[in-house]
Structures are given as C-alpha cells and as structure tokens.
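A.B. asks: Each chain, written out:
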Amino acid sequence: MSAFSAIGEEREIDREEFTPTLEPQATWCPGCGDFGVLKALKQAMPEVGRNPDEVLLVTGIGCSGKLNSYFESYGYHSIHGRSLPIARAAKLANPELEVIAAGGDGDGYGIGGNHFMHTARENHDMTYIVFDNEIFGLTKGQTSPTSPKGHKSKTQPHGSAKDPIRPLSLALTSGASYVARTAAVNPNQAKEILVEAMQHDGFAHVDFLTQCPTWNKDARQYVPYTDINDADEYDHDPTDRSAAQEMASEAEQSLYEGEVLTGRFYVDSDRPSYSEEKQAIGEMPEDPLAERYFDDDYEWERSHDLLLDRHK
Amino acid sequence: MTDHELMWRIAGGSGDGIASTSQNFAKALMRAGLHVFTHRHYPSRIRGGHTYTEVRAKSEPVQSRGDGFNCLLALGDSFARNPQEDAYYGDEEIKPLSENLDELNEGGVIVYDTGLLDSEDIPDFEQRVEENDWHVYPINLREIARDHGREVMRNTAGVGATAALLGIDLEYFEQLMAESMPEDILEPNKEILHYTHDMVEEEFEFTHDLRVPEGSHDEEQVLLSGSDSIAYGALDEGCRFIAGYPMTPWTEVFTIMSQALPEVGGVSEQVEDEIAAAALALGASHAGVKAMSGSSGGGFALMSEPLGLAEMSETPVVLVEAMRAGPSTGLPTKPEQADLEHVLYTSQGDSNRVVLAPGTVSEAYEQSRLAFRIAYGYNIPVILLYDQKLGGELMNVPASHFDREPNPDLGAVTTEEELEDAPHGPGGKFYRYRYDAEDGVSPRSIPGQKGGHFLVTGNEHNQAGHIDEDPTNRVTQMERRMSKVEAVREFLDDRDTQTYMGPDDAEYGLITFGSQQGTVEEAVARLNDAGHSVRGIGVSDMMPYPEEEMTEFLESVDEALVVEMNASGQFRGLTQKELGRFGDKLSSLLKYNGEPFEPAEIVQGFEASIQGQDVPDQQTTYVPAAGD
Ligand SMILES: Cc1ncc(C[n+]2csc(CCOP(=O)(O)OP(=O)(O)O)c2C)c(N)n1
Ligand code: SF4
Chain A
1 MSAFSAIGEE REIDREEFTP TLEPQATWCP GCGDFGVLKA LKQAMPEVGR NPDEVLLVTG
61 IGCSGKLNSY FESYGYHSIH GRSLPIARAA KLANPELEVI AAGGDGDGYG IGGNHFMHTA
121 RENHDMTYIV FDNEIFGLTK GQTSPTSPKG HKSKTQPHGS AKDPIRPLSL ALTSGASYVA
181 RTAAVNPNQA KEILVEAMQH DGFAHVDFLT QCPTWNKDAR QYVPYTDIND ADEYDHDPTD
241 RSAAQEMASE AEQSLYEGEV LTGRFYVDSD RPSYSEEKQA IGEMPEDPLA ERYFDDDYEW
301 ERSHDLLLDR HK
Chain B
1001 MTDHELMWRI AGGSGDGIAS TSQNFAKALM RAGLHVFTHR HYPSRIRGGH TYTEVRAKSE
1061 PVQSRGDGFN CLLALGDSFA RNPQEDAYYG DEEIKPLSEN LDELNEGGVI VYDTGLLDSE
1121 DIPDFEQRVE ENDWHVYPIN LREIARDHGR EVMRNTAGVG ATAALLGIDL EYFEQLMAES
1181 MPEDILEPNK EILHYTHDMV EEEFEFTHDL RVPEGSHDEE QVLLSGSDSI AYGALDEGCR
1241 FIAGYPMTPW TEVFTIMSQA LPEVGGVSEQ VEDEIAAAAL ALGASHAGVK AMSGSSGGGF
1301 ALMSEPLGLA EMSETPVVLV EAMRAGPSTG LPTKPEQADL EHVLYTSQGD SNRVVLAPGT
1361 VSEAYEQSRL AFRIAYGYNI PVILLYDQKL GGELMNVPAS HFDREPNPDL GAVTTEEELE
1421 DAPHGPGGKF YRYRYDAEDG VSPRSIPGQK GGHFLVTGNE HNQAGHIDED PTNRVTQMER
1481 RMSKVEAVRE FLDDRDTQTY MGPDDAEYGL ITFGSQQGTV EEAVARLNDA GHSVRGIGVS
1541 DMMPYPEEEM TEFLESVDEA LVVEMNASGQ FRGLTQKELG RFGDKLSSLL KYNGEPFEPA
1601 EIVQGFEASI QGQDVPDQQT TYVPAAGD
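As they're listed, the protein sequences go chains A and B.
Residue numbers for the first sequence follow my numbering, beginning at 1 and rising by one.
Residue numbers for the second sequence follow my numbering, beginning at 1001 and rising by one.
Hints listed in this document are in silico derivations from the structure and should not be mistaken for laboratory results.
All C-beta atoms in this analysis are idealised placements derived from N, C-alpha and C, irrespective of residue type, glycine included.
There's no promise every hint is true.
What the hints assert, rightly or not - Once the Cα atoms are required to be at most 20 Å apart in a straight line, the calculated SDA-like pairs of lysine to any residue come out as: (1) A:Lys312 to B:His1401; (2) A:Lys312 to B:Ser1362; (3) A:Lys191 to A:Lys278; (4) B:Lys1577 to B:Asp1350; (5) A:Lys312 to B:Arg1495; (6) A:Lys312 to B:Glu1547; (7) A:Lys312 to B:Met1177; (8) B:Lys1450 to A:Arg15; (9) B:Lys1577 to B:Gln1618; (10) B:Lys1577 to B:Glu1547; (11) A:Lys312 to B:Ser1268; (12) A:Lys278 to B:Gln1259; (13) A:Lys312 to B:Lys1577; (14) B:Lys1450 to A:Val260; (15) A:Lys312 to B:Asp1209; (16) B:Lys1450 to A:Thr21; (17) B:Lys1450 to A:Leu22; (18) B:Lys1058 to B:Ser1180; (19) A:Lys312 to B:Ser1556; (20) B:Lys1450 to A:Glu17; (21) A:Lys312 to B:Leu1176; (22) B:Lys1450 to A:Phe294; (23) B:Lys1450 to A:Lys191; (24) A:Lys312 to B:Lys1450; (25) A:Lys149 to A:Thr21; (26) B:Lys1450 to B:Arg1404; (27) B:Lys1450 to A:Lys278; (28) A:Lys278 to B:Lys1577; (29) A:Lys312 to B:Glu1420.
To be verified - Derived CB-CB ranges, DEER-like: (30) B:Ser1568 to A:Glu257: 39 to 47 Å; (31) A:Glu9 to B:Ala1301: 53 to 61 Å; (32) B:Asp1470 to A:Val223: 53 to 61 Å.
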C-alpha cells in the first residue's frame, strides 16, 4: 500500500465531499462574493477528478483566507501574504498533490506581492486564486492595492493618490504560464476557468473578481461581464503573449471605466513547470520526496560516507 | 604554554587566499598528527582589507584560540594597490604586518613579504622587535612567486618559508596541493614551495627556538567547521529540504546544504526573502519532508511570523540562527552572542519553541541531530543558535564521531493504517489536535494520506483544526502546547547536553553558553592549575532551560562568573529569570568588541572578579553581582 493512497484514486468525485462535515464558524457576510469562489471551486473538483485527501489548499489571512473553513480538504490557513511560499514548497515536497493557494488582493498583491512575482517566475505547477474585491475586507474596509485611484476609506480620507496594481499584467511579466480573470457573478465561466487552471501544468493565476457588499458597494464586480474569449469583437488568441499583454492592459483599464473583461488572457502549455526544470538539472528527485519517509526499503545516505573525504 | 604549542597567524588582504591557505596549513598539521584549531578574522569587504587566520596546533587536544600568537606570516594586501582608488586603499598595504604586532607574543617569529611590505613604514618596528625579542625573517615572497610561477602564489612561498623555520615536513603540503590543484598550477606551486623552503634553510641563520610540536592520533581525524557539523547533522537526521536567503554567517550552512542536497536527492531553494524561506520550510515539512531554514540576526527577524505560525500550527521545523554582532547589520563578519533574547522571545504570544546552543564543533553535529529529533518528535519549531565564531572555526574531530546511522524517522505522524484507528470527531473528521495527547504531542497526518485531511491554522483551533474561540478550548490547547516544552525538558535531561569542566566540588563557578565553551574549558584548567578551585559549565539548552542542573550547579559554588559575548549579560539574565534566584551569586564577564575571548582574558577576569577589582583589559567588562 502506498503511503499516500488518496493520491490518484480512480473514482467518481462528488462535489459534496468538499462540504465541511463540521459547521464552520460563519465569517462571510450575506451576499459576499467569496461564496461564488467557493461554489465554483467545489463544482470544479469533480471535473478535475481530485478528492479532498489529495488537495492541499493554502490560504493567507483575510475574509478570503477563510475559504479553508468552508472547503473540506487538507488545508493550511497560514499568515497574511504568505500562502504562496508555503504552497510551492509543499508542491516540491510532493509534486503529486493538487496544490491550490488563495488569498485576497491585499494579501496577494500587497503584503505578498514579492512572493507573487517570484512564484510566477518560477512557474510552479499550482493554482493561485486571488479574491479581488478591491478592498481590505477583514480589517473593515481600507483601501487595497486594487482599489481605484481616488478611492476614499477611513485610512485614505482624501482618496487614494495611487494608481491600482495591474495584477494580470504583473502575472504576465513575472512569467505566469496561465493568466485568467473571472468573476463571482458568473459561476459557469468561473468553474471552467478553475478546472483549466488546475489542469494546467504550471503556475495558473486566476484574478477572481468578488464583491464585498459590506465595504465596497461601488466596485465594478457586480456588473455583467464580457468574456473576451467568446466575444467576436475581441477575437483573442491566448497563446499569443503580446496579444495577451495588450488584452490584459485593456481589461485593467476598462475595469475602472465600467466594462468588466474576463476570460483566459494567456495560456502557455509548452513551458515546463518548475519541478520539471529542477529535475532536469538534477536538483530535484523524480520520486516524491515525501514518499521516502514512509518507505522502509529506502536507503538513507550517511554524510560520513558521502562527504567526509574532503575533510581528511 | 607557548613553548610547546604553535600559534601561527597568516595575515594579508581579503581575497588574497588567506582562508584557503590557512585551511590547508591546519589540515597538513592535523595529518602530521597534531590537534588543531583555527580562529579567523575578516572585514566586511570582498577584496582588500586586513584579514588573518590563526592556526593553533598542539600535541594535546585544543579547542580554543590561544593567547596571542607566536608566528606571523605577513603577506601584504595586494588589493591595497588598486591604482584607481588611491584615496580608499592608500595606506592599507602595510597592515598585515603593522596590525598584528600587538598580539605577537614575546620571542615570536615574523616572516614578511618584502615584495609588498616595507618594515620602515612602521616607525617603531626595530625598537619593538628588540623589546619583544622577536625573530624577523624578511623574504621577497612576491619575487619568488613571480619568478617560479605567478605572483598570486605568494602564499605558497610563505608556507614554504615558515615550514622551513618551524621544521614542518613539506610532504603534507605537497599531498594536499596534489589533491586540490590542477596540473598546470600544481607544478609551479610545488616548485615555489621547495625553492623557498630550501632557500630559507640555506640563507638564514635561525635565531628562534619555536618548532612545530610532535604528535600522533590514535584514530582518523577530520577537519570540520561548526557549519559543516550542523549541515552533516541535519543530513544524517534525514533533512532533505532547505530554503534560505544569503546572510553572513548563516550562508555557510546554506551553501554546504545546497551542495550536498542534490547528491542525496534533496531540494534546496534560494528564495526571495527570509519570510518566504521560513514559510517554504513550513510548507515542505507540512507535506512530509524534514526541512530547515535559517538566517542571521536581521533575516531571522523576518522569520518571526512564520516561527509563530509553526508554534501555533505545530508544524515541525528547524531554524538555524547564526549570530553576528548587532544591532541591525552591526559588524557583519564578527561574532557576538547578543541574539539570545531575540530567538527566545521573538514572535507574538507565549513562546513554545526549543532553543539549543551547541558549544563546540563536534557538539554542533550532535545538537543539529537533536534539533530535528525534537522538532519532528514533538511537532514544534527548534532553533539552533550559534555564532560566527563557531560556524567558521575549524577543528579536528575523530571521523568516527560522524559515522552514525541515519535517522529519517518523521516523528509524530500517523500512517494510513493508524489513521483508520485514530480519533475522529463528528462527521468522521480526523482529530489532528486532540486534547488528550500523551506529552501533549498529537500526531499529524500528511497531505495525500487517505482519511487524514484536517485544517492547519494560525488561529486558535479545536481538535479538528477548525478555528475556535471557545475559552475552554483555548485554555486546553494552550496548556497542551506548553506541556510539550516540559516533555522536551525531560527528554533532554536524559541526554547530558550540558558540559561540565573541572572538579565537582569547587568553590567558584564559570558559566558560559555556545561558542565560548572551549575557551572557558581552557580557562578552567588553567585556573585550577594555578591553585584556584573552579568548576565550569557550558550550557546548551536555552529553552527549555535546564533548571535542575543549573540549580544544582549554582548551589554547589559560592560565586559564579557568567562569560558571554554581549553587552547586556543576556544569558546571566535568562539564568536569573528562569531560576528566580542566585542574583547575588552571579556576576558577568562580557566582551562585545567583535572578537571572541582569549583564555587569558577569562583567567584575568576571574581573578579580578574574586578580588573585587576592575578587569585590567579594556576590551572586556566586569559586571558585579546584583547584591554587591
Ligand atoms: C502581518 C499582518 N498584517 C496585517 C494583518 C491584518 N489583516 C488581516 S486581513 C487584512 C487585509 C485583508 O484584505 P484582503 O487581502 O484584500 O482580503 P479580504 O479580507 O478582502 O478578503 C489585514 C491587513 C495581519 N493579519 N497580518
Ligand atoms: S467583509 Fe466583505 S469580503 Fe469580508 S465577508 Fe463581508 S462581504 Fe465578504
């Protein structure tokens, strides 16, 4: 019997397996967009074919970080902005796990911005969902990195003097091999994109527009969206990097002007994942490292035999 | 002392090969049967700037730098000759000779490179030579190197010259060169070595008595640094993942591990910052791999939040903290022991972590293994605290010390079979954080194991891992986590991790921790030889504190002097805090000038302290007991 027999189990997966058996302490407000992410994610799981025991969902801190409480799987609700470094190491330790990281726009583009850039550049095979509600929810409504310029909040009473972060462009220039945006108000597209993101072999970034009815009633997240992959007027080819860059900056501009563009902006299926790159240069074993600790026949090396000659 | 030991100092400019030359020198003497110990001093600069390494060699075991030194090889700082930057580099050239004279013992030997150094630049040189009875051998090493190979081989010429003067067999150097050099540079180096050796023997009349001592080992020895020991201990305990960001002196462990891990099919990651580094170690550990990270002062400060997460989530991890002088970036390449309080108390909430501080190169191996055993056995973060001195010093250790069985045991984890019988809550939820765990240690499951999924969170949580703010749950979980530290205390008590020195029934005590242990040991021996009655202890467990052992120790002596490299007496403070008494028995001997103690400074400090006098040396400070 394998030490991790939940991994790769062949059976029908039911979305209800991802509903917690224990009632979570309710923290999300009625009408919160986060419920949309939860629903889309649960719906995606049967199609991805992964069961709760082989999924590791790592979150940061924020309302978004509470996703773990509503989603049954191996979960790691960590610290503000640090979901990515935890998630990517877990993937290196056991590449057979389905690793998902999630957090808010403050969590992911603010405090965790540096990790976002570096995780995208390394192209770890994982999915990163950012709950983009253009606001700090959990700390009660401060301006976030994606809040529009001029956004007023208790900490920025005169309105923000900063241009918002451009997450899609940032993901693209940092090296993410899958970049998409979807919205909680559009559950079907959201589900499809999450399925693709999880099936994608590389770093998949999903900027997930979620509404925060409690603190951010003005955000565009409520309005109907245009799917750039379906709309004739855009005729977008997501395999073309420069087209993706143009499309992303258009979407980032139009979001604050009233038109919400979503869909797949960039898909590069050829780029090897980080684990593959590391294995190719001999810096990572082919077998999942974690398996070894449960394998009684594995021959563990002694430093004495390997390294002491050079000290004699 | 000095008559039967060699304390050879090689000085030059940073980047001139001082480190590698001294390393070979130490290894050659070890192979010749001697016990060796190195002490290095370097500036925070890549090329140029005065640097030196001392190699102390005796026929008996040695584990400290000596008092001063008795043979100087001064090479000249070649980078001081940078033609572009006169203003910066102008007067540094002479430093390898001038800067080292203060610590050269009476009757000492000086070899200097007349190709780069001119003793006339030191106004009182002749006078000092006479006063101190030094024996001076000026040799144009630069010219010899240039004529027989390349100018950079000045080091080899210097080694050949001192080997002749000290009577060291060249065979050991030749062997070492042959093992490490490619053919095209091996030949000229060999020629330079022999040429200088023979030239010195023929042309100089030796006026000094100093010769290399004789010795032999009963078993095979290896030359290791504290950083090597920590890395090898980690590897032998089955650590296969490291994540880090460079910062002196932690970089040494990080480098050794990064080179070793691919050879054993492990993974090393250099990442964007220290917060990420510690978080990666947690991620890998959570997914079922023994993992470590680490840093030095400022970088470790960034790890404070992931460290707290490790405590709350009970994710095992080993973090290495290599101290250098602070605050802030401080003295980047100089040792200090002033991060003790930082590692004990950093991060929010009540600390439930383990902090170990090895005292010697060989203990570093032991305690690195122990750190992993505790971290994974108790699902708790363990910090291995050491300093720039211990990390970088080289010592001979019996090879057999490392010839141990690997221990890849993942500690307090379940298997899938065990998961079937493990306690589960309502809805079949695995109880990861069960209240009734033995020793407070509730085993974890690993992602991918069937039936084991649970939630880890930095928030307070219930048995299933779910966020829970119920007051009774809070108290139960807090107490369980804290009780693990008590259990670790019992585990450590069985292991004799403290090192005792001198007679059991002495009048006075000398207390130290970490890298000063070897020096204190030597001081204790000297004090007893000189008729004092002194007992010493090198303490390794910082948290949990060895309350019983220290109480017994302190009750057994009338007074005790705590020796540590910091300005505020942090270890003395910890001792008083933990034991809640002995304030009137404990005084401090402190040093924080960027250099470790020499044994004689401790001897002097002790003598001054028992006579109630001021310490004569300006570089150390005596702080009397609170009752005084
Ligand atoms: C290091 C640190 N700084 C600040 C906080 C406080 N904090 C908690 S959530 C949050 C912002 C959350 O905003 P966002 O990431 O946009 O998520 P949302 O709540 O909107 O889902 C902040 C600042 C924290 N927990 N840790
Ligand atoms: S504060 Fe906003 S983001 Fe948070 S739960 Fe309420 S609606 Fe959702």
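A.B. asks: So which of the earlier hints does this model not fit?
C.D. replies: The structure conflicts with hints 3, 5, 6, 9, 11, 13, 14, 15, 18, 19, 23, 24, 25, 26, 27, 28, 29, 30, 31 and 32, although it agrees with all the remaining ones.
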